[in-house]
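There are 2 protein chains.
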Amino acid sequence: ATDIHLGYLEKDPVRGNDTFVTFNEILEQAQKNEVDFVLLGGDLFHDNKPSRKTIHSCLESLRKYCMGDRPIHFEILSDQAVNFQYSKFPWVNYQDGNLNISIPIFSIHGNHDDPTGADALCALDILSCAGLVNHFGRSASVEKIDISPILLRKGGTKIALYGLGAIPDERLYRMFVNKQVTMLRPKEDEDSWFNLFVIHQNRSKHGATNYIPEQFLDDFINLVVWGHEHECKIAPVPNEQQNFYVSQPGSAVVTSLSPGEAVKKHIGLLHVKGKKMKMHKIALETVRTFYMEDVVLADHPDLFNPDNPKVTQAIQAFCMEKVEMMLDNAERERLGNPRQPEKPLIRLRVDYTGGFEPFSIFRFSQKYVDKVANPKDIIHFFRRREQKAKNGSNINFGDLVSRPVSDGMTLRVEDLVKQYFQTAEKKVQLSLLTERGMGEAVQEFVDKEEKDAIEELVKFQLEKTQRFLKERHIDAVEEKIDEEVRKFRECRRKNAEEEDEEVREAMTRARAHRSEDAVLVSASSDEELMDTGAKASGDSDDDLPATVTRGRGRGRGRARGARGQNSTVRGSSRRGRGNTSQESATSSRTYKSVPAKNKSIMDGRPVCIQNLFLVWGLFACFTFVTFFPFRGNKH
Amino acid sequence: ATDIHLGYLEKDPVRGNDTFVTFNEILEQAQKNEVDFVLLGGDLFHDNKPSRKTIHSCLESLRKYCMGDRPIHFEILSDQAVNFQYSKFPWVNYQDGNLNISIPIFSIHGNHDDPTGADALCALDILSCAGLVNHFGRSASVEKIDISPILLRKGGTKIALYGLGAIPDERLYRMFVNKQVTMLRPKEDEDSWFNLFVIHQNRSKHGATNYIPEQFLDDFINLVVWGHEHECKIAPVPNEQQNFYVSQPGSAVVTSLSPGEAVKKHIGLLHVKGKKMKMHKIALETVRTFYMEDVVLADHPDLFNPDNPKVTQAIQAFCMEKVEMMLDNAERERLGNPRQPEKPLIRLRVDYTGGFEPFSIFRFSQKYVDKVANPKDIIHFFRRREQKAKNGSNINFGDLVSRPVSDGMTLRVEDLVKQYFQTAEKKVQLSLLTERGMGEAVQEFVDKEEKDAIEELVKFQLEKTQRFLKERHIDAVEEKIDEEVRKFRECRRKNAEEEDEEVREAMTRARAHRSEDAVLVSASSDEELMDTGAKASGDSDDDLPATVTRGRGRGRGRARGARGQNSTVRGSSRRGRGNTSQESATSSRTYKSVPAKNKSIMDGRPVCIQNLFLVWGLFACFTFVTFFPFRGNKH
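Chain order of the listed sequences is A and B. First residue of the first sequence: 74, per the numbering used here; consecutive thereafter. First residue of the second sequence: 74, per the numbering used here; consecutive thereafter.
Some clues are possibly wrong.
Copies of the same chain look alike in the list, so a pair counts if it works inside one copy or between any two.
Simulated crosslink set (BS3-like; lysine-lysine; CA at most 30 Å straight-line) [as the list claims (entries may be wrong)]: (1) K84 with K543; (2) K444 with K532; (3) K521 with K532; (4) K543 with K444; (5) K553 with K252; (6) K449 with K537; (7) K444 with K122; (8) K122 with K567; (9) K543 with K500; (10) K161 with K521; (11) K227 with K524; (12) K521 with K122; (13) K543 with K252; (14) K84 with K161; (15) K84 with K537; (16) K84 with K532; (17) K227 with K351; (18) K449 with K543; (19) K499 with K524; (20) K500 with K349; (21) K337 with K524; (22) K521 with K217; (23) K567 with K532; (24) K227 with K449; (25) K122 with K560; (26) K532 with K449.
No lab work stands behind these hints, which were simulated from the structure alone.
With the hints as extra help, turn the sequences into a complete structure.
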């Protein structure tokens, strides 16, 4: 399964518990089907910093369904200290002598619950520290990624499980292009492995480099489980070019009222035997039904005439009829399934192009408060192209708040910030900080609730400017400072790529600045691995969609000896000695201690204070925005 | 131990890890001394919503030190479904077949980590849900409390462990006065129990009813472990009147630079045998040393003459000497203890009454950046009474921010809000909401990070006013509304007690409004218990401070049969069946399902929007305040 988004709309009185209920259903299915393990494709949590309630509910479900006496029938052959190198307990949870795990969960992180902040922790790390989830597929470097698989064996079947937690699409795209993504392969019997890869990225093209083309992925892979995309396309689809299959489970909850989310939600039960696989779809019963329909008013000239004074009532009656029909369908569907929530999600998209006027959504909604889970946004009015672009106009927050969120409108905080400064009066324009940097920082503040993001950016850009001034000895000439600061800022702004780099560096360095913790540098794993060509002999079966033969070795794969035996040893010696064993388990790695830098007290001139106040003003605006159901349609 | 305040100053580059290090030391001591269990007196966390890093570090420590194969030698005789009735897993963690616990922790919550929000969860509940802490001593009612002990037995020794998590002092004071606090007692062999009570309240008088006098506590108690107070007074002190002993462990970290915190920090190893006890003090080695000294300039007329132009330099040199002396002492102490952090905390309080001028703290601080953990607030200047009261003056936030926090100044957000509106111009004064309500809501927002507190209050007071208007049919007469709203508001404000009730109701009801969860009502426990008089025959020993004889039964204690046997049964049947056993374990309780109320869409007039904007303005201010190290000196 993937994209469970625990905590999505958790405060909604109707939909608040949806994600928790469905998560329980998924784990219940896992238990019922006696799976060997659960594989999650990221975004288990909707928020980067999940609420206490969400973490609590999640822990409750995991402890309830994933602990128990049912024995685990597979073993791990890879070096777990490498697989789980970012965990404080770098071994699989079911081998921990202190935890009685019946269903191990393996999960990568998604873009919603990715590592952030000075400590670079993510919500999954709390679960992994509690011993209830095995978080894997993390990569520390932003330039180069080596993906080391978890090697699993059950009887004669061996699975190499590769994972890659969410990374900004553009960055990963660039790394692929620059051949900086390497999938390590087991040295012995390279072709006896079923290679399973789980990834959480855009699969559909959102821009030139804002997605990951399937062609980028290695062709020795047998099955890709693709997270992040919410539409359920769980039946494995062959990629003819690369000879692998792609299964896209889709989200377990409807987070946007778009067509893709109206597709029935499923999870998959994957059987692997040798190199054959079979995916069994399981429909989720607790997911709130979502019905959606489109109406183009201009397509009904017989019914609607824009000049008719009563046309609005006619349109309203027509829409009501459509909604009622969807409600009937939903009710019929629900009767066959007692686990389905009572009130469905309903969305009617009304194209009112052609001189029509939209009617009051408010009154319309009130009629459906008791019948529909999303009464406030049942109707979505839109017009085609003829609508004029609204660039450059002032932002009226009151206006934004009262307007319902629509699918088409993806409100990016970053853009708001830019717009704000572009249209602002001279005296409140930025003179030292850049709009771009401020935008990213505010975005991080809002999206990830990183309280320090803005402070960190201000400090970084201020220090950078101070350094510039000092190097040029301009800081001595009081009158020239303002002028030089402006020049310096302009020259950075003009070079888009440089600014991009700068902003990224700012966010990263600022975090590192703060951290006194030892930074973990993985240095050993690569040395033990050797380059090797890959050769495979295929296997096909009528019943099972077989993974296909290929003989082409790319020389990218690398090999390694199985080192699994020590895991048993570790398991027993650890009993009751958690503190010492942790050290021994990680002894093969190198720690590099980054000493804390004493932050020098700012030799700040009033200019920075002025900018700071501007930032806090922005805080007020965006705090305001985030307190309303206004998160746009992020997946 | 108590008041570990995990996460206190976690972002401070020097002191950030102090609380985590000391928590590990405490658990290490528990392990080394092979304790039966750890008892914590609240405020394990400093923040009501601890950061990801704090929760992660805490889980790490607990899993490392409290899990393992060492067997547990005591059993629980009481009904665990009552003791842990608010837990999703209402049994002690070491009896859970899926967890291998070597050191069970029992903890009440403090005022810092108390349950808040619609879900009424607290940070400890996350640990308890993960199976790493046994959270007890919770009470749902705000009017009446029955404290049901956890009954423990090891060999011939039986301990009745009573706990009461933090409750606002005034409220608990009132409940005690109204005889609404009942400590339930075991029916059989009532006097064979060692009665241990852990509480987290003000012990020293902070106002008429703003503390809990020891005399309020039942005299059948043998030992009170008193949390919340940070000064270490761990050696049990007899209360002559009530015949019990009080041990005040004090905090494990210095959170304010006041004299009480300069007392050496300890934890206690409590031995109980029959009804005798012995407390062994263990000094904490990882706590940052804190040296403090007071200087009264006027006491040195030979050294300082206010009229001398160089007096400021002389004072500065004098202070520097004092600081150096403290640093020498700290260094000497540290040499004997390699675990002590390098940089000590230093505080020099300088009374400059008598016409002296304080020197620049900023420059002074810079000299000690590399030597002292709190360079910015080493010196604290103060003057005695002659200082004029500053009431009614405008708040200058810039001023507040640049001034270091001083001991004497406890900045309450609530008071700031009141002050803000009192001094505000007419047009931004409140016309519908009350200052008091707004103050409490903002306080909750800041202290507990309850994002919804303000929204909830606004909604509550708005609805209340609307109801009032509707009942009087004033809502039809547009012109009269403003006038009536003002009157209604004034009449509520004048009655302080009524307003107090209203604000409390607002916060509680608003929370309940939101919650769709079933509310748990404990109804069964009392019925099984009977009133009984208490009789005891004392016991004394030279070595051990004995608990003293008493024959006076208050008739307040109640009795119950031991029901412990089922715990073993539950423990084994639960293995691997977490989901079903939870239901059976709680079957003796009554659930009352509170149906969610559909929030009606506001028939709001613009007035509320105006107020809302005012609130968001406040947000900006207080967000601003909280982002600086400005939390006052809350314990």
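Do the hints match the structure? See the list:
no. : hint           : result
1   : K84 with K543  : between (51 Å within a copy, 29 Å between copies)
2   : K444 with K532 : between (51 Å within a copy, 24 Å between copies)
3   : K521 with K532 : both (19 Å within a copy, 27 Å between copies)
4   : K543 with K444 : between (66 Å within a copy, 28 Å between copies)
5   : K553 with K252 : neither (47 Å within a copy, 74 Å between copies)
6   : K449 with K537 : between (47 Å within a copy, 24 Å between copies)
7   : K444 with K122 : neither (32 Å within a copy, 36 Å between copies)
8   : K122 with K567 : neither (35 Å within a copy, 42 Å between copies)
9   : K543 with K500 : within (26 Å within a copy, 47 Å between copies)
10  : K161 with K521 : both (23 Å within a copy, 29 Å between copies)
11  : K227 with K524 : neither (46 Å within a copy, 49 Å between copies)
12  : K521 with K122 : both (7 Å within a copy, 16 Å between copies)
13  : K543 with K252 : neither (40 Å within a copy, 70 Å between copies)
14  : K84 with K161  : between (33 Å within a copy, 20 Å between copies)
15  : K84 with K537  : between (42 Å within a copy, 22 Å between copies)
16  : K84 with K532  : between (35 Å within a copy, 15 Å between copies)
17  : K227 with K351 : within (16 Å within a copy, 56 Å between copies)
18  : K449 with K543 : between (56 Å within a copy, 26 Å between copies)
19  : K499 with K524 : within (28 Å within a copy, 33 Å between copies)
20  : K500 with K349 : neither (67 Å within a copy, 74 Å between copies)
21  : K337 with K524 : neither (38 Å within a copy, 35 Å between copies)
22  : K521 with K217 : within (24 Å within a copy, 41 Å between copies)
23  : K567 with K532 : within (21 Å within a copy, 48 Å between copies)
24  : K227 with K449 : neither (51 Å within a copy, 61 Å between copies)
25  : K122 with K560 : neither (39 Å within a copy, 44 Å between copies)
26  : K532 with K449 : between (42 Å within a copy, 19 Å between copies)
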